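A.B. asks: Spelled out, the chains give:
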Amino acid sequence: MKSSKRLLALCLLAPFWLGPRIASAQEARTDHQTLSPYFVVEGADPSLDQLPLKDTRVEVTVVGVVADVTVRQVYENRGTRPIHARYVFPASTRAAVYAMSMIIRDKRIVAKVEERERGKQHFEQAKREGKSASLLEQSRPNVFSMSVANIMPGDTISVELSYTELLVPTAGTYEFVYPTVVGPRYSSKSRAEASDADRFVESPYAHEGEPSRSELHLSARLSTGVPVRDFSCPSHQVVPKWDGPARLRLSLAESERFSGNRDFVLRFRLSGEEVSSGLLLYQGPDENLFLLMAQPPDRVRVEEIPPREYIFVLDVSGSMNGFPLDTAKKLMADLTQVLRPTDTFNVVLFADGSRTLAETSLPASPENLRRALRFIGPQSGGGGTELRAALERAFAIPRLEGVSRSIVLITDGYIEAEADVFDYVRDHLDRGNVFCFGIGSSVNRYLLEGVARAGQGEPFVVSKPGEAEAAAATFREYIQSPVLTGIEVTFSGFDAYDVEPAKVPDLFARRPVVVFGKWRGRPQGTIELRGRTGQEPYRASFSPSEAQPQEDHRALRYLWARTRIANLSDFGGRGDEAARAAVTQLGLTYNLLTQYTSFIAVEELIRNAGGEGRDVDQPLPLPVGVSDLAVGQAVTGGAEPELAYLAAALVLMLVGSRRRRARRAGSEAS
Amino acid sequence: MSGSRAAALTVIVLAMWGLKRHYASAGVEDLRWILWPTGKLVALATGSPFEFERGAGYMSRPHLFLIEKSCAGLNFMIAALGMTGFALSRDGGRGVRTAWTVGASVALSYAGAVLVNTVRILVAIWLCSANLASGWWTAARIHRLEGIAVYFAGLMVLDVVARRFAEAGRPRGCGAPS
Numbered sequence: 001m002k003s004s005k006r007l008l009a010l011c012l013l014a015p016f017w018l019g020p021r022i023a024s025a026q027e028a029r030t031d032h033q034t035l036s037p038y039f040v041v042e043g044a045d046p047s048l049d050q051l052p053l054k055d056t057r058v059e060v061t062v063v064g065v066v067a068d069v070t071v072r073q074v075y076e077n078r079g080t081r082p083i084h085a086r087y088v089f090p091a092s093t094r095a096a097v098y099a100m101s102m103i104i105r106d107k108r109i110v111a112k113v114e115e116r117e118r119g120k121q122h123f124e125q126a127k128r129e130g131k132s133a134s135l136l137e138q139s140r141p142n143v144f145s146m147s148v149a150n151i152m153p154g155d156t157i158s159v160e161l162s163y164t165e166l167l168v169p170t171a172g173t174y175e176f177v178y179p180t181v182v183g184p185r186y187s188s189k190s191r192a193e194a195s196d197a198d199r200f201v202e203s204p205y206a207h208e209g210e211p212s213r214s215e216l217h218l219s220a221r222l223s224t225g226v227p228v229r230d231f232s233c234p235s236h237q238v239v240p241k242w243d244g245p246a247r248l249r250l251s252l253a254e255s256e257r258f259s260g261n262r263d264f265v266l267r268f269r270l271s272g273e274e275v276s277s278g279l280l281l282y283q284g285p286d287e288n289l290f291l292l293m294a295q296p297p298d299r300v301r302v303e304e305i306p307p308r309e310y311i312f313v314l315d316v317s318g319s320m321n322g323f324p325l326d327t328a329k330k331l332m333a334d335l336t337q338v339l340r341p342t343d344t345f346n347v348v349l350f351a352d353g354s355r356t357l358a359e360t361s362l363p364a365s366p367e368n369l370r371r372a373l374r375f376i377g378p379q380s381g382g383g384g385t386e387l388r389a390a391l392e393r394a395f396a397i398p399r400l401e402g403v404s405r406s407i408v409l410i411t412d413g414y415i416e417a418e419a420d421v422f423d424y425v426r427d428h429l430d431r432g433n434v435f436c437f438g439i440g441s442s443v444n445r446y447l448l449e450g451v452a453r454a455g456q457g458e459p460f461v462v463s464k465p466g467e468a469e470a471a472a473a474t475f476r477e478y479i480q481s482p483v484l485t486g487i488e489v490t491f492s493g494f495d496a497y498d499v500e501p502a503k504v505p506d507l508f509a510r511r512p513v514v515v516f517g518k519w520r521g522r523p524q525g526t527i528e529l530r531g532r533t534g535q536e537p538y539r540a541s542f543s544p545s546e547a548q549p550q551e552d553h554r555a556l557r558y559l560w561a562r563t564r565i566a567n568l569s570d571f572g573g574r575g576d577e578a579a580r581a582a583v584t585q586l587g588l589t590y591n592l593l594t595q596y597t598s599f600i601a602v603e604e605l606i607r608n609a610g611g612e613g614r615d616v617d618q619p620l621p622l623p624v625g626v627s628d629l630a631v632g633q634a635v636t637g638g639a640e641p642e643l644a645y646l647a648a649a650l651v652l653m654l655v656g657s658r659r660r661r662a663r664r665a666g667s668e669a670s
Numbered sequence: 001m002s003g004s005r006a007a008a009l010t011v012i013v014l015a016m017w018g019l020k021r022h023y024a025s026a027g028v029e030d031l032r033w034i035l036w037p038t039g040k041l042v043a044l045a046t047g048s049p050f051e052f053e054r055g056a057g058y059m060s061r062p063h064l065f066l067i068e069k070s071c072a073g074l075n076f077m078i079a080a081l082g083m084t085g086f087a088l089s090r091d092g093g094r095g096v097r098t099a100w101t102v103g104a105s106v107a108l109s110y111a112g113a114v115l116v117n118t119v120r121i122l123v124a125i126w127l128c129s130a131n132l133a134s135g136w137w138t139a140a141r142i143h144r145l146e147g148i149a150v151y152f153a154g155l156m157v158l159d160v161v162a163r164r165f166a167e168a169g170r171p172r173g174c175g176a177p178s
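Those protein sequences? They're chains A and B, same order as listed.
Just so we're aligned, residue 1 is where the first sequence starts under my numbering, counting upward by one.
Just so we're aligned, residue 1 is where the second sequence starts under my numbering, counting upward by one.
The set of hints was computed from the structure by calculation and includes no laboratory data.
For clarity, every value in this text was computed on a predicted model and none was experimentally measured.
Some clues are possibly wrong.
[Said to hold, decoys possible] A partial selection of chain A residues facing chain B, derived with a Cβ cut-off under 8 Å: (1) Gly638; (2) Ala639; (3) Glu640; (4) Pro641; (5) Glu642; (6) Leu643.
[Claimed, not checked] Derived CB-CB ranges, DEER-like: (7) B:Ser70 with A:Pro398: 43 to 53 Å; (8) B:Thr10 with A:Leu643: 12 to 22 Å; (9) A:Glu612 with B:Ala149: 35 to 45 Å; (10) A:Thr474 with B:Lys40: 55 to 65 Å; (11) B:Leu44 with A:Arg105: 39 to 49 Å.
All C-beta atoms, glycine included, are put in the ideal place defined by N, C-alpha and C.
With the rest of the complex left out, here is chain B (with noise of 0.2 Å):
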C-alpha cells in the first residue's frame, strides 16, 4: 500500500469515526445537513409536505410518516464513505490525489446516502400503506428487511459509480491496480 493511499484511507477512517460520534451525540435539529434534502426529495416523490418538528424531525402527517434521527441515512454514509474511499484511493498518488480522493468519497457517500436513504423510505412508506404486516412477518421485521435490501442495491450500486469515478479521475497512462 502506497504512503498516499494510507494517508487517504487514514483521513477517511477518521472521518468514518468522526461521522459516527457525530451521530451519537447529535440531535435532529444537528442532522438537518443531511435530513432535509432527503426529507425535500421524499416530500417531491409523496406529493406530500413533509414539515420540520422541532426534537422529532421531518413530519407527514397524511402519511403518518416520521423522518426521524435514526432514519437519517447516516449508517450508510459511513458504509458508503469507507466503500467508495477503498476504490477511489486505489490509485495512488500524492498531495492533490489524496484530498481528490478524500473529498470525491465524501461527495461521493453523502449524495448516495441521501439518494439510496431516500427510495429506502419511499419503499417503507409504501409497504406501511400496503399493511402486509402478518404473523412472523411484524412491520418491524418486514420494515428492517426493506432497509437492508435496498442498502444493499445501494452500496452496489455506489460501487459501480465509485469505480466509474475512479476510473474517469485516473491519471493518464496509469494502469488499474493489480
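One chain only, chain A, in its complex shape (with noise of 0.2 Å):
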C-alpha cells in the first residue's frame, strides 16, 4: 500500500513539477521558433470583440496617370472590454502615402510623420495613459500595419489614409491594383531575430473558404482627359456609370461587400493613339519637379535570335496548393511551347528543399519536354518556401558558353526575406535575365517586382488557368525582342538634378520610360532620350518650354520622394547607415509614409484610465485559391492511447492482482 500512496501522491504532485518546466522550454522554443502566421482562434468570451476592423471603405479618383487614394479604415468595439486592435494589410508596392487622420466622435486628428521608433514610443505612451491613438507602419513597401489604441466599448474609430501612385501604362493598357490581404508568409527567420518590421508575418488567418469578416467599399473616378475606350475589372463585378466618354464612375456590386480576399484589377485603355509621350512640371515654392514619360518605338522584330538556356524555378510549396500549382503546371505546359529547338532548358522544384530536373540544362527537344512535365506532374504543394536556396540551386547548374541564360521565376511570393533574395539576384546575374510569374489572386507583388527588377527582367501575374497562355505569349514576345536597350536620358539647356532612375533599365515591355527629377531655373532646353531598338539606334527629344508647369502636378512631389525612396531601400536592401538616413529625412521632409516613418495620430483625452485591454490581432482571410497548407503551422495534437492498450493495461493489472493474492494466499498458509 506503501506504492501506492506514493504513486498518489507522485500524480497529484506531477502537475506542480512540470508546470514550471514546461513554462521554461517554452520560453527557450519561443525565441528559437521561426516566425508563422497562425489559423485564429475564436475565444469564447463574449466581452471581447476580436473582430474591430468593421469595414474598409475605398476611394480612388484617377487624373490623367495619376492615382489618388483614399482609404478609411472604421474600428468598433462591439464588447464589453477596451481594446487595443491590430491589422496588417497590403498596399501597391508603389504606394506614395502621404498624409494619414483619425476621426473619433467626429473629430478629426491629423497625423504627424515621426522617426519609426519614436513614432512607435509616443504610441505605446498614448496606450499606456489610457488615450485613443493609431500608429501606422510599414512592414514592407507593399504591406502596412495599422494599430489603433484604446477602443472602448461602443466606439467608432475611424482611420483614414491617403496615397498617390503612377499608372504607367504596358502595351497601351493601364492597369489600377488595391490588394485588398497579405497572404500567409513563410520565413525562417527565429522570433529573436525578427524586427519589429518582420512581426506582420504572425497574423491570424481564418480558414480556407472562408469569406472576409469585415466589408469592402471601393468606388472609382477616372478623368482621363481622352474618351476611355474600354475598361475591364477582371476580379470583382462592378457597377459603372459614365458622365461623358473621358469620365467614368464604377463601384462594387453589393453582392461584393465581403470580397476582400483578392486583389480589386482594373484595366482601362484610352481612345486614339495609346499614350502619347510627355512631360509633367511643377513649380513649388522649394523646388520644381517634372516627369517625363516617354512612349517607346515599335517591337522591332529580330531575325537571327541566338539560343538561349531557360530554367524554370517552380514553387511547390504549401502555399501553392491547389488551384495555384494547377495554375503554374499549365503555365509551364504553355511555357514550354516558347522554347525553340535549338533552346535548352532546365527546371528545378522548390519547397523546404529543392530538386532539379537534370545535372546539365537539356535540349528543347519533345521528348524532355514531356519529360519535364511528367517531373512536374506528381507535385501537389506542401513544405516551406525556400526560395533563395532554390536560386542558388538554379544560378550553380552549369552554363554553356555563348549561351544567354534566363531564369524564370514562378511563385506566389508568400515569403518574407525579399531583400534577401533581391540581394542574391543581383549579386550573381551574369548575362541573364529572371523573370517572375507571381500564380495567385493576390501574389506578393513586391518580391516579384523586387526579383525582376534585380534581375533586370519583367514580373508577369497569372491569377487563373486561362491567363497562362497570354502571359507565355507576351513572355515570348519580350524574350525574343526586347523593345529598347542602352537606354540613356540627357539634358542640355535645362537644369536637371535628382533624376530618379540614375539607370535606366532595358525595356522588354512596351511600355513608356518613365523619368523623374527636379530642375532649376527656367523650364528650356531639350531633354533626349536615346538607346538601341532591334539592330538600330533610337532617338528622341523633348522640349522642357512646351510644358506649363502646373499646380495639378504636386503629386509628383511624393512620386518622385517615392521612387527615391524605393531606389535606396525597397530594392536595394543593403540598409545601410546612410540610405536610412536618407529614406528617414525623405520620409519627413515629404510627409511620406517609409521603413523608418510612421504616422502617429493621438487623441489627448484619457479616455481608459490605466490603459486596460486586450490587444486583438485582426484576422485575415486567405487569399481566394489559397490552402490552409499556406498556414502550414505545427499544431501538436495530443490523441490518447487506444481503448487496446488500455485493455491490455487492464489485464497485466488483473494478473498481477491475482498473483499477489496467490502469493499473499501461499504466505498465510504457510
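Once you've looked at the hints, go ahead and assemble the two chains, each given alone in its own frame, into the complex.
C.D. replies: Quick look at the structure:
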C-alpha cells in the first residue's frame, strides 16, 4: 500500500513539477521558433470583440496618369472590454502614403510623421495613459500595419490614409490594382532575430474558403482627359456609370461586400494612339519637379535570335497547393511551347528543399519537354518556401558557353525574406535576366517586381489558368525582341538634378520610359532619350518649354520621393546607415510613410484610465485559391492511447493482482 | 455473483458502451463536458490560456498544442469505469447500494479521466518542447508510449482509490469479498 500512496502523491505533484518546466522550455522554444502565420482561435469570451475592423472604404480618383487613393478603415468595439487593435493590410508597391488622420466622435485628428522608433514610443505611451491613438507603420513597401489603441466599448474610430501612385500603361493598357489582403508568409527567421517590421508574418488567418469578416466598399472615378475606349475588372463585379466619354465612375456591386480576399484589378484603355509621350512640370515654393513619360518605339522583330537557356524555378510549397499549382502547371506547359529546338532548359522544383530535372540543361526536344512535364505532374504542394536556396541551385547549374540564360521564377511570392533574395539575384546576375510569374489571386507583388528588377527582367501576374497562355506568349515576345536597350536620358540647357532612376533599365514591355527629377531655373532646353531598338539606334527629344508648370502636378513631389526611396531601400535592400538616414529624411521632408518613418495620431483626452485592454489582431482571410497548407503551422495534438492498450493494461493489472493475492494466500497458509 | 452485482455491472457495461458510441459520433462541441475541465487544468498548470476553437478543440498558441477530440480522455474514462465498477460492486447489496456503486464508479472514472489526462497532456507538452525525437523514436511513438505509461500509472492509482472508496462505503459488518 505504501507504494500506491507514493504513486498517488507522485500523480498529484506531477502538474506542479511539470508546470514550471514546461514554461521554461516554452520560453526557449519561443525564442527559437520561426515566425509563422497561424489560424485564428475564436475566443469564447463574449466581452471581447475579436473583429474590430468592420469596414474598409476605398475611394480612387484617377486624373491623367496619377491615381489618388483614400482608404478609410472603420474600427468598432462591440464587446464590453477596451481593446487595442492591430490590422495588417497590403498596398500597391508604388504607393506613396502622404497623409493619415483619425476620426473619433466627429473629431478629426491629423497624424504626424515621426521617425519610426519615436512614433512607436509615443504610441505606447498614449496606449498606457489610456488615450485613443493610431499608428501606421510600414512592414514592407507593400505591407502596412495599423495599430489603434484604446478602442472603448461602443466606440467607432475611423482611420483615413491617402496615397498616390503613378499608372504606367503596358502596351496601351493602364492597370490599377488595389490589393486587399496580405497572403500568409513563410519565414525561416526565428522570433529572436526578427525585427519589428517582420512581425506582420505572425498574423491570424481564417481557414480556407471562409470569406472576409469585414466589409469592403470601393469606388473609382476616372477622369482621363482622352475618351476611355474600354475597361475591364477581371477580379470583381462592378457597377459602371459614365459621366461623359472621358469620365467614368465605378463602384463594387452589392454582392462583393465581403470580397476582401483578392486583389481588385481595374484595366482601361484610352481612345486614339495609346499614350502620347509627355512631360509634366511642377513649380513649388521650395523646389520644382518634372516627370517624363516617353513612349518607346514599336517593337522590332529580330530575325537572328541566338539560342537561349531557360531555367524554370517552380514553387511547390504549401501555399501553392491546389489552384495556384494547377495554374502554374498550365503555365509551365505553355512556357515549354515558347522554347525552340535550339534552346536548352532545366527545371528546379522547390519547397523546403529543391530538386532539379537534370544536372545540366537539356535540349528543348519534344521528348525532354514531355519529361519535364512528367517531372512536375505529381507535385501537389506542401512544405516551406526556401526560395533563396532554390535560386542558388538554379544559378549553380553549369552554364553553356555563348548561350544567354534566363531564369524564370514561378511562385506566389509568399515569403518574408524578400530583400535577401533581391541581393542574391543582383549579386549573381551574369549576362542573364530573371523573369517572375506570380501565380494567384493576391500575390506578393513586391517580391515579383523586386526580383524582376534586380534580375533585369519583367514580372507577370497570372491569377487563373485561362491567363497562362497569354502570359506565355507575352513572355516569348519580350525575350525575342526587347523594345529598347541601352537606354540613356540626357539634358541640355535644362538644369535637371536628383534624377530618378539614375540608370534606366532595358525595356522588354511596350511601356513608357519614366524619369522623375528636379529642375532649376527656366523650363527650357532639351531632354533627349537614346537607345537601341533591334539593331538600330533610337533617339527622341522633348522640349521643357512646351510644357506648362501646373499646380495640379504637386503629386510629383510624393512620386519623386517615393521613387527615390524605392531605389534607396525597397529594392536596394542593403540597409546601410547612409541609406537609412536618407530615407528617414525623405520621409520627414515629404511627409511620407517609409520603412523608417510612421504616421501617428493621438487623441489627447484620457479615455481609459490605466490603459487596461486586450491586444487584438484582426484576423485576415486567406486569399482566394490559397489552401490551409499555406499557414502550415505545426500544431501538436495530444491524442490519447487507443482503448486496446488500456484493455491490455487492465489485463496486466488483473494478472498482477491475482498473483499478489496468490502469493499472499500462500504465505498465510505456510 | 450476486444479482445486485450483476445488475450494477450490467449498468456499467451499458454505460461503457454508451460512452464508446457517444465518443465515436461526437464532435468537439459535444465533448466540452470533459474537454473543458481538462483544458482549464492544463492551462492552470502551464500558465498559458487554452482557448476553444470551433471544430478543433482547446488550443494553446504559445505551446502550439491542441486538446482535440482524440485527446479528450474518454478511452481512459471507459477503462476506468469498468475497473472502478468491478472494484466497487464486490460488496454486493441491493437497490440504493447498486445505484451508489454505479454513481461512484461514474464519478471516480470522470474525475480520474480528467486528472490523469491532464498529467498525460502536461507530460506530452513537455516532451514536445524537449524535442527528443530521433531515429526510431519518432515524436508519435514517444507520445504514444508516454500516454500508455501515464494511463497505466493512472489506472493503478485509481484502483487503489476505488478500493479505499469501497472500504469507506462498505456497510458495517460486511467482510471483504473472497
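A.B. asks: Against chain B, is Ala639 (chain A) within 8 Å by beta-carbon distance?
C.D. replies: Since the shortest Cβ distance to chain B is 4 Å, the answer is holds.
A.B. asks: 43 to 53 Å was suggested as the range; check whether the CB atoms of Ser70 (chain B) and Pro398 (chain A) agree with it.
C.D. replies: Roughly 51 Å apart at Cβ, these two residues keep to the hinted range, so it holds.
A.B. asks: Report holds or violated for the interface hint on Glu640 (chain A), using the least CB-CB distance to chain B and a cut-off of 8 Å.
C.D. replies: Interface hint status for Glu640 (chain A): holds (5 Å vs cutoff 8 Å).
A.B. asks: Hold the hint about Pro641 (chain A) up to the distance rule: shortest CB distance to chain B must be less than 8 Å.
C.D. replies: holds (4 Å)
A.B. asks: Lying within 39 to 49 Å: is that true of the beta-carbon distance Leu44 (chain B) to Arg105 (chain A)?
C.D. replies: holds (41 Å)
A.B. asks: Taking the CB of Thr474 (chain A) and the CB of Lys40 (chain B), does the distance hold inside 55 to 65 Å?
C.D. replies: holds (59 Å)
A.B. asks: Holds or violated: is the Cβ of Leu643 (chain A) closer than 8 Å to a Cβ in chain B?
C.D. replies: At about 5 Å, which falls below the 8 Å cut-off, the nearest Cβ of chain B leaves the hint on Leu643 (chain A) intact, so it holds.
A.B. asks: Given the range 12 to 22 Å, decide if the beta-carbon distance of Thr10 (chain B) to Leu643 (chain A) lies inside it.
C.D. replies: holds (20 Å)
A.B. asks: Once the shortest beta carbon distance from Gly638 (chain A) to chain B is found, is it less than 8 Å?
C.D. replies: holds (4 Å)
A.B. asks: Hey, does the Glu642 (chain A) contact hint survive, CB to chain B under 8 Å?
C.D. replies: holds (7 Å)
A.B. asks: Mind checking the hinted window 35 to 45 Å against the Cβ distance between Glu612 (chain A) and Ala149 (chain B)?
C.D. replies: Hint holds: Cβ distance 44 Å, inside 35 to 45 Å.
Going down the numbered hints, you'll see the structure goes against none, and every one checks out.
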